[in-house]
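Asker: Each protein sequence line maps, in turn, to chains A and B. Read in order, the letters of the first sequence correspond to residues 1 to 276 in my numbering. Read in order, the letters of the second sequence correspond to residues 1 to 171 in my numbering.
Keep in mind that the hints were calculated from the coordinates and are not lab data. Note that the Cβ used here is the ideal one computed from N, Cα and C, for glycine as well. Keep in mind that the hints are not guaranteed to be accurate.
[What the hints assert, rightly or not] No farther apart than 20 Å at their CA atoms in a straight line, the calculated lysine to aspartate or glutamate pairs in the EDC-like style are these: (1) A:Lys139 <-> A:Asp24; (2) A:Lys55 <-> B:Glu37; (3) A:Lys196 <-> A:Glu235; (4) A:Lys139 <-> A:Asp37; (5) A:Lys196 <-> B:Glu37; (6) A:Lys140 <-> A:Asp37.
[Stated by the list, open to error] A few chain B positions that, by computed beta-carbon distances, are all more than 12 Å from chain A: (7) Arg14; (8) Leu150; (9) Gln170.
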Amino acid sequence: MGDRIMNVILIGASLAMLVVGKADPQFMEGVRSNISDVAAPILETLARPISNAEKVISEIGTISEIRAENESLRGENERLLQWQSAARKLEIENRQLKGLLNFAPGAEPGFITAGIIADTGGSFVRSILANAGSRNGVKKGNAVITSDGLVGRVQGVGRRSSRILLITDLNSRIPVVIESTRTRAIMAGDNSERPKLIHLPPGATVSPGDRVVTSGHGGAFPPGIQIGIVTTVDEKGIFLQPFVHRERIEFVRIVDYGLKGILDADSAAEGAGVSR
Amino acid sequence: MKSGFLQPLDLVARNITPFIITMLLIIISAIPTRIPEFSYIAPVLPLMAIYHWSIYRPDLLPAWAVFALGILQDALVGTPFGVSSLVFLAVHLVVLSQQVFFTGKSFAVVWIGFSMVSAAAFIMTWILVSIYFGQSTGLLGVFFQYLVTLGSFPVLTWILMVWQQKMLPQE
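Just chain A, with the same shape it has in the complex (with noise of 0.2 Å):
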């Protein structure tokens, strides 16, 4: 009898969770923040020898690829060097412009750098768990970017981790725009590996190919970081392979572009693709 009662109570605590949740997802997600925060230690720990034996294994595959590597490499490289020289005269030309305009710069972003300590899976929800947290700086809201381009924003604060909901969660909404036609659209994920593109003008013309960056509507993000490439535009919509793979991800950078702190705004502008 006491067990029956015990039962009752217990899923009916799980119930009042769950419209707790729904009524005060703040006060829900500060509970998430706290487990996550006692779990993070134990996740850092057990994360990091998995992490050198995939170094290992993935060394001993690469060794054959070095002289392939080497080649594509130089010839990169001396493609790279060509863009140098000319973001150099742009930048000089950005500058004369910018000085003929009196342009005031904007704050310069901030950002922290985290590593992954959870890839928390499954097929319902899509966010990964960073090390850093509110004693690092990190805040709500903020941007989460890779060498790539946008990770997604940072969900949950804890004290020393930060929950990072992916772009292409279920509940992921970002304003973005076709980078060479500037038409906007919203791109919202669907738990799927590919997000997709709704609210586009009407009359908007997508082809498979363009490139796709957030248009800074909203707030939430400055314009300008890269997301990815429409796939396919069919009649069941229109959908684009991000460029950030989810499984790659190691280290990510959190940016508060809300702060009047000043860091090394070019390597962030650079790493995050922000075209300015």
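Starting from the known structure of chain A, arrange chain B on it as the hints suggest.
Answerer: Here is chain B on its own, set in the frame of chain A:
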């Protein structure tokens, strides 16, 4: 054996291992594997452990412990709080109600039992999360995760079985 004074302590330590192991399985599941697409279909290890202990040693994994494990699972995976607690409790209670059926049955029967219980658990999770978010979270991923979970059941069960026979005091 240990001296008379340490023995009760030793017994307690052994008796809490089903809970500790299941807790560790939840944490281990969260470690990044960096295998492409794996994280979406990774087996739900705690589900198997709760099924296992509910059949063989429900005395060592009572309902409140199952509830607590659900909270940890939700916290780490990112599912709404309450979902995993409800699902884990449902698995626990269904298995308990079938105690007579499971007693002395072969592994194949236990596995088939798991195929049904876990299917119900996945569907239940999907329904709860979809209602909570107000939209479907996608069924294809759930289906693959179910298959992977079902496929890895014998391996984990074997480990739990060995632990149960070697380390746990017999009833």
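Asker: Keeping to a limit of 20 Å between CA atoms, is the pair of Lys196 of chain A and Glu37 of chain B held or broken?
Answerer: holds (18 Å)
Asker: Can the restraint linking Lys140 of chain A and Asp37 of chain A be considered satisfied, given a maximum Cα separation of 20 Å?
Answerer: With a Cα-Cα distance of about 15 Å, the restraint between Lys140 of chain A and Asp37 of chain A holds, given a limit of 20 Å.
Asker: Does Leu150 of chain B clear chain A by more than 12 Å, comparing its Cβ with all Cβ atoms of that chain?
Answerer: The claim stands: Leu150 of chain B keeps its Cβ more than 12 Å from every Cβ of chain A (closest is about 14 Å).
Asker: With the threshold set at 20 Å, check whether the alpha-carbon distance from Lys139 of chain A to Asp37 of chain A stays at or below it.
Answerer: holds (15 Å)
Asker: So is Gln170 of chain B really clear of chain A, every C-beta pair being over 12 Å apart?
Answerer: Check passes; 23 Å lies beyond 12 Å.
Asker: Regarding the assertion that Arg14 of chain B does not contact chain A, is the least Cβ-Cβ distance greater than 12 Å?
Answerer: At about 22 Å from chain A, Arg14 of chain B clears the 12 Å cut-off, so the statement holds.
Asker: Hint check: Lys55 of chain A vs Glu37 of chain B, CA-CA at most 20 Å. Holds or violated?
Answerer: holds (19 Å)
Asker: Run the distance test for Lys139 of chain A versus Asp24 of chain A: straight-line Cα separation, threshold 20 Å.
Answerer: holds (19 Å)
Asker: When you check the alpha-carbon spacing of Lys196 of chain A and Glu235 of chain A, does it fall within 20 Å?
Answerer: holds (12 Å)
This entry satisfies every hint, going by the numbered hints stated previously.
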